[in-house]
Structure formats: structure tokens, C-alpha cells
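Protein chains: 2
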Amino acid sequence: MKITIAVDLMGGDYGPSVTIPAIVKVLRSRKDLFFNLYGAQEIVSPYLNDLKGYSNHYQFFPTEIVVKTGMVLTDIVRNGLKSSMGAAVRSVADKQSDAVVSGGDTGAFMALSKIYIKTFQGISRPAIPAFLPTVKGLCLMLDLGANAQCTPEMLLQFALMGKVYIHAYLNVQNPKIALLNIGTEVEKGHKDIQEAAVLLKEHPELNYRGFIEGNYITQGDIDVIVTDGFTGNVALKTIQGSAILIKHLLSKAFTRTIFSKIGYLLCKSSLFKAYKSIDQRYYNGAPFLGLKGIAIKSHGHSDVIGFENALKVAINMVERKLPSLIEMHLKKG
Amino acid sequence: MKITIAVDLMGGDYGPSVTIPAIVKVLRSRKDLFFNLYGAQEIVSPYLNDLKGYSNHYQFFPTEIVVKTGMVLTDIVRNGLKSSMGAAVRSVADKQSDAVVSGGDTGAFMALSKIYIKTFQGISRPAIPAFLPTVKGLCLMLDLGANAQCTPEMLLQFALMGKVYIHAYLNVQNPKIALLNIGTEVEKGHKDIQEAAVLLKEHPELNYRGFIEGNYITQGDIDVIVTDGFTGNVALKTIQGSAILIKHLLSKAFTRTIFSKIGYLLCKSSLFKAYKSIDQRYYNGAPFLGLKGIAIKSHGHSDVIGFENALKVAINMVERKLPSLIEMHLKKG
Chain D
11 MKITIAVDLM GGDYGPSVTI PAIVKVLRSR KDLFFNLYGA QEIVSPYLND
61 LKGYSNHYQF FPTEIVVKTG MVLTDIVRNG LKSSMGAAVR SVADKQSDAV
111 VSGGDTGAFM ALSKIYIKTF QGISRPAIPA FLPTVKGLCL MLDLGANAQC
161 TPEMLLQFAL MGKVYIHAYL NVQNPKIALL NIGTEVEKGH KDIQEAAVLL
211 KEHPELNYRG FIEGNYITQG DIDVIVTDGF TGNVALKTIQ GSAILIKHLL
261 SKAFTRTIFS KIGYLLCKSS LFKAYKSIDQ RYYNGAPFLG LKGIAIKSHG
311 HSDVIGFENA LKVAINMVER KLPSLIEMHL KKG
Chain U
11 MKITIAVDLM GGDYGPSVTI PAIVKVLRSR KDLFFNLYGA QEIVSPYLND
61 LKGYSNHYQF FPTEIVVKTG MVLTDIVRNG LKSSMGAAVR SVADKQSDAV
111 VSGGDTGAFM ALSKIYIKTF QGISRPAIPA FLPTVKGLCL MLDLGANAQC
161 TPEMLLQFAL MGKVYIHAYL NVQNPKIALL NIGTEVEKGH KDIQEAAVLL
211 KEHPELNYRG FIEGNYITQG DIDVIVTDGF TGNVALKTIQ GSAILIKHLL
261 SKAFTRTIFS KIGYLLCKSS LFKAYKSIDQ RYYNGAPFLG LKGIAIKSHG
311 HSDVIGFENA LKVAINMVER KLPSLIEMHL KKG
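Chains as they are written, first to last, in my numbering: chain D, 11 to 343; chain U, 11 to 343.
Rather than coming from a laboratory, the hints here were simulated on the basis of the structure.
Don't take every hint at face value.
Note that the list lumps identical chains together, so a pair holds whenever it fits in one copy or between two copies.
Said to hold, decoys possible - Cross-link-like lysine to any residue pairs, in silico, SDA-like; alpha carbons within 20 Å at most: (1) Lys286 x Val196; (2) Lys286 x Thr267; (3) Lys62 x Thr267; (4) Lys146 x His258; (5) Lys283 x Asn66; (6) Lys322 x Leu43; (7) Lys278 x Glu205.
Throw the hints in and build the complete structure from the sequences for me.
Structural data, given as C-alpha cells:
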């Protein structure tokens with residue numbers, strides 16, 4: 011099977027200086043790939059040289075506009091195909107590509123994906139999931155920001171889609187699912203989360219385990235953590251902030267005395283291994299769950315390793331036919 | 011000025027084996043303190059020996075019931091003064107004590123405080139604040155779980171009370187205040203938070219700086235972070251969970267090879283200093299803000315150092331007359 015991926019070359023902080031080297035890395039190991047590439051001719055051209063030798067594996071489509079954070083959403087939508095992001099998304103809707111990857115503005119990418127690719131019946135806005143490192147491996151949390159306010163029915167949809175995604179991506183069978191809350195007793199939290207708890211508990215396809223508190227996210231006892239996009243976004247970013255604080259404290263500690271400096275040199279390679287296990291670049295690339303096609307959001311700050319990972323997520327999800335699996339589960343739900 | 015503190019000796023996971031040694035430690039350095047102590051005679055008695063030599067500094071009141079998590083709130087309230095927690099809270103309402111400290115169940119302590127001590131006009135439920143370590147020092151976040159759903163007016167009250175508390179506790183003048191949100195653009199988040207932003211911005215007493223995202227909490231650029239109790243509780247516990255994960259990864263890294271083991275020994279004392287700066291015990295003890303008296307919640311898992319810190323918070327807040335300061339600011343608001 012030949013897989014075709016559309017890439018918004020301009021998305022993300024570094025544009026083609028990151029997106030094209032990442033494509034080259036992926037092409038080196040797989041010959042069954044084809045890329046539809048969208049971007050501004052004059053900016054992209056110098057980087058296309060890197061793709062020499064892969065001329066049968068890509069086509070470049072010049073576009074006029076680059077979507078930037080801060081642009082008005084209605085303008086982005088009105089200009090549609092003129093932007094690298096819009097044209098890339100549209101190629102999935104038109105069946106020219108099997109998936110689209112962009113590191114551009116999340117709101118714009120989500121809006122264009124909804125308009126062109128469309129969501130399954132009953133899904134008002136797709137959910138954004140993320141894998142998080144835990145003491146025992148990875149867990150999946152969703153929604154991470156697409157839906158600031160959620161009904162109990164939406165939380166049930168997130169649970170069903172999360173189950174499909176973690177099975178497709180990590181092959182977790184019958185994942186343990188919990189709702190993020192401020193306590194584990196049934197009466198904790200607000201009305202919506204209590205109603206969602208009933209829906210998840212009664213659903214025959216879900217292995218629902220009750221509420222989980224923030225301090226247990228990283229314990230690894232739960233596979234899929236379901237939450238509204240507001241709380242999920244705050245939790246995800248808070249984990250990132252905590253890691254930055256601890257990194258700061260550690261680097262101060264390791265340079266405090268001559269002993270700690272020598273000690274650091276001795277620990278360095280072990281510490282690097284530990285750091286790699288929580289390095290976000292290796293978890294980069296999240297599908298918009300609930301779309302009829304595959305759109306993968308790469309983090310805006312991603313470097314080549316991060317964007318390469320997002321491309322691999324796209325390929326993986328095409329191979330596993332993510333949208334059909336989701337549709338099947340939502341129909342049962 | 012003699013300061014009288016009521017202590018629920020039975021509160022917290024370790025009861026009088028922690029609460030009494032902490033009282034002894036505080037009494038060693040200050041002679042102007044008096045403690046009203048409440049607890050079960052047979053459990054407390056052996057520990058009272060530790061207070062020998064301080065017989066002029068405490069009175070013990072035996073009580074029948076110990077409030078435990080899982081007990082029905084209406085039962086706790088109905089039994090009121092029969093419990094060590096209820097009697098200790100009541101002594102503040104009756105002006106027998108200047109403040110009460112308990113490590114018992116938060117919901118019960120909050121309910122009893124509301125009933126006996128009462129809140130200021132317009133405060134439906136007191137807010138729970140916490141100090142968090144940042145790259146630049148401490149910041150204050152509230153609410154941490156007392157109010158799962160908040161109106162814009164409540165978020166304004168939290169901002170005003172947070173301003174008073176961080177000034178009273180850390181002497182921060184004109185603290186920088188922000189609302190926790192999922193983005194910094196004005197249109198981000200839900201309706202309540204956008205309305206709250208307008209209230210905070212327009213209030214002449216507040217140095218409002220806009221929205222803050224979860225990853226910036228630990229950066230230390232903002233002094234008071236205002237949020238609803240649901241999001242705040244998740245964020246606080248997520249920070250705790252992240253710290254546990256990183257501790258786990260570090261201890262694996264430090265024991266991985268003979269080099270990293272030796273390296274760890276060389277870094278140990280510097281690492282311990284770094285760890286101390288995020289050790290929650292030194293931040294233990296949070297007032298219920300908005301009460302007409304002083305009630306300090308100690309973490310249930312606290313050891314002697316933690317409970318001692320909660321007692322110090324109580325003493326500090328009595329000296330600074332926290333409730334009058336809060337009342338004054340709420341009236342202006």
C-alpha cells in the first residue's frame with residue numbers, strides 16, 4: 011500500500027528548515043511513502059534540494075499565504091486553499107492524501123479540518139489526545155484543549171475514542187479508563203463529571219475504573235484519562251512547567267560545588283536516559299480524534315526529531331485506519 | 011499579646027503522635043502561646059507527657075468522636091462539639107481561641123468552620139490557597155478545591171483575598187495577579203473566565219496581568235494565580251504527581267551504573283538542598299480565606315515538620331489579623 015501524507019511545510023516555529031529534514035529522515039527508512047508538500051515557493055525552494063534523490067516521492071504545491079497565530083479565524087477560513095495549511099488539509103478531504111500533518115496554529119488547523127474533512131455525526135469538535143510518561147510506561151489523556159466546556163456525552167465520546175487510539179497506537183487491550191476529578195469519592199466534582207461517570211460506568215465497551223486525581227496521572231495505573239479540554243490543557247501544561255522547574259533546580263544543584271560538578275559528570279549518561287523517557291519530542295504528533303480523516307497536529311516548537319515523530323504517527327494511523335475504527339466504536343456507543 | 015491556638019489533636023494520618031511533638035517544638039521557641047487541645051482521652055494521654063514543663067501553656071479537653079474521611083457530613087455536623095474537630099473549631103467562634111489548626115478531612119473542617127465561625131457577607135464558601143515553588147521564589151494559587159464551580163464574582167473575591175494573604179504572609183506589595191487559562195489571548199477559555207478577566211482588569215486595587223498558562227505557573231513571573239477550585243486542585247496535584255515521577259526517574263538513573271552511584275554520592279548534599287526548596291512540608295498550612303476567624307488546614311499526611319509549619323501559619327495569621335484585612339479588602343471590592 012502506498013501511503014500519501016500532506017505536509018504543511020510552513021507550520022511550526024521553524025517552517026521548512028524543520029519539516030523538510032524530517033521528511034527526508036522518514037523517506038530514508040521507507041520507500042512506500044509519497045508526500046504532497048504545501049508552502050511558500052521562495053521560502054521552501056532552498057530546502058527542496060534536500061529532497062534530491064526522492065523526486066518520485068513528493069510533489070510540491072506552492073501556496074500564497076502562511077497561517078500565523080493571531081490571524082483572524084474567519085480570514086483563514088475565507089482564504090482556505092490559498093494557505094499551505096488549508097491546501098494540505100483539503101487534499102485529505104479530496105482523497106489526494108491519506109493524512110495531513112501541520113505544526114501550525116491549533117485553532118486554525120482544527121477549524122480547517124472540521125470544515126474540509128468534517129467530523130463524525132454527533133462530534134461537535136474533535137478531541138486532542140496526548141501520551142504522557144508515567145512510572146509504568148505511557149498513559150493517554152484527552153481532551154487537551156479543543157473543547158473548553160464538555161457535556162457528559164462528550165466525555166463518553168472521548169473515552170470511546172481514547173480506547174480506540176491507545177489500542178491502535180500502543181496495542182493496549184481493554185484499557186483502564188478514568189475521569190480526572192478532584193477526589194475519588196462518587197460525590198466529588200461537579201454535576202457534569204458525575205453524570206459522565208454514570209455514562210462511562212454503564213457503557214458495556216468501557217473498562218471504567220472511576221475517578222483519578224492529578225497526582226495519580228503519572229502513576230501509570232490508568233491507561234486513558236478522560237477530562238474536559240480546559241482541565242486537560244492546564245494539567246498537561248502544568249506537567250511541562252513542573253519539569254522545567256525541576257530541571258532548573260537540578261542544574262543549580264549540579265553546579266553548586268566542585269563535588270556536585272564531578273558527580274554530575276559521572277551520572278550524566280544515566281540522567282540523559284531518564285530525561286529521554288520524558289522528552290516530549292518522542293511523543294509529538296496528536297490526531298484530531300473524531301474527524302472523518304487523519305489530521306495530525308505537531309507541536310509548534312518541534313525540532314526535526316519531533317516533526318519526524320508526528321509524521322510517523324500519521325503513517326501509523328493511516329495503516330491502522332484510525333477513522334474507521336473510531337466510527338465503529340462511536341456507532342456502538 | 012498572648013496567642014491561643016485550638017488544635018484538633020486527632021486530625022491527620024498520625025494524630026497526637028505528630029500533633030503533640032509539633033506543639034512542643036513551637037512552644038520551645040515562644041513563650042507567649044497557649045494551646046486549647048481537643049482529642050480522645052485514651053489515645054492522647056500517653057503523648058501529654060511530652061508537654062510536661064508546659065503545663066501553663068495548654069489545656070486538654072477530652073472529646074468523644076474522631077472525624078474520619080468517609081463519614082457522612084450531616085452526622086459530623088449533628089455531632090458537632092462531640093468531635094475533636096468540631097470542639098476545636100467552636101472554640102474560635104466562642105473567642106476561646108484565636109485560631110484553629112486541623113489535619114483532618116477538608117470537607118468536614120470546611121463545613122464546621124462555615125457553620126461555627128461563618129464567612130464574610132457575599133462569600134459562599136471560603137477558598138483554599140497554597141504556596142507553590144517557582145524558579146524565582148514562591149507564588150500563591152487559589153482556589154485549590156473548596157469551590158468546584160466558580161462565578162466570575164467569586165474569582166474576583168479570590169483575587170482580592172489572595173492579594174491580602176500573600177502580602178500578610180510574604181510581604182509582597184502590589185502582587186502581580188493572573189487568571190489560569192488555556193491560552194493568553196483574550197478570547198481563550200470559557201465565558202466565566204472571560205467575564206472574570208474584565209472584573210479583575212477593572213478593579214482599581216488589583217495589579218492584573220492577564221491570563222497565565224499551566225506551564226508558566228512555576229516560572230515565578232506572577233505572584234497570585236486565580237482559578238476555580240476544580241482546575242486549581244487538578245493543577246496542584248498534577249505538580250505533585252510530576253515531582254513523584256521525576257523522583258522515580260532520578261532514583262533509577264542514580265542507581266543504574268557504578269559511576270552514577272558514585273556521582274550521586276558526590277551530588278547528594280546539593281540535591282538535598284534543591285529537594286528542600288520544593289519540599290511541601292515547609293509550605294504546609296493553608297487558611298480558609300473568607301472566614302470571619304482563622305482556621306488552618308494542615309495536610310493529612312503531614313509529619314511533625316509539616317504540622318509545626320501549619321501551627322506557625324496560624325500564629326502568623328493571628329498576629330497579622332488576617333480576617334480583618336480580608337474584610338477590609340472585600341468591602342472595597
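One pair to classify: lysine 286 and threonine 267, alpha carbons no more than 20 Å apart. Within, between, both, or neither?
Cα proximity of lysine 286 and threonine 267: across copies only (17 Å, versus 26 Å in one copy).
Up to 20 Å CA-CA - threonine 267 versus lysine 62, copy category:
neither (51 Å within a copy, 44 Å between copies)
Within, between, both or neither, where lysine 322 and leucine 43 count as close if Cα-Cα is 20 Å or less
Classified as within; 11 Å inside a copy, 65 Å across copies.
Classify it for me, lysine 146 with histidine 258: is the Cα-Cα distance of at most 20 Å met within a copy, between copies, both or neither?
between (25 Å within a copy, 10 Å between copies)
Status of asparagine 66 relative to lysine 283 across identical chains (alpha carbons, at most 20 Å)
neither (38 Å within a copy, 58 Å between copies)
20 Å Cα cut-off: does lysine 286 pair with valine 196 within a copy, between copies, both or neither?
Intra 37 Å, inter 35 Å, cutoff 20 Å: neither.
I want to check one pair: lysine 278 and glutamate 205. Are their C-alpha atoms no more than 20 Å apart within a copy, between two copies, both, or neither?
For lysine 278 and glutamate 205, the Cα distance exceeds 20 Å both inside one copy (49 Å) and across copies (49 Å).
Checked against the numbered hints given earlier, the structure breaks hints 1, 3, 5, 7 and satisfies all the rest.
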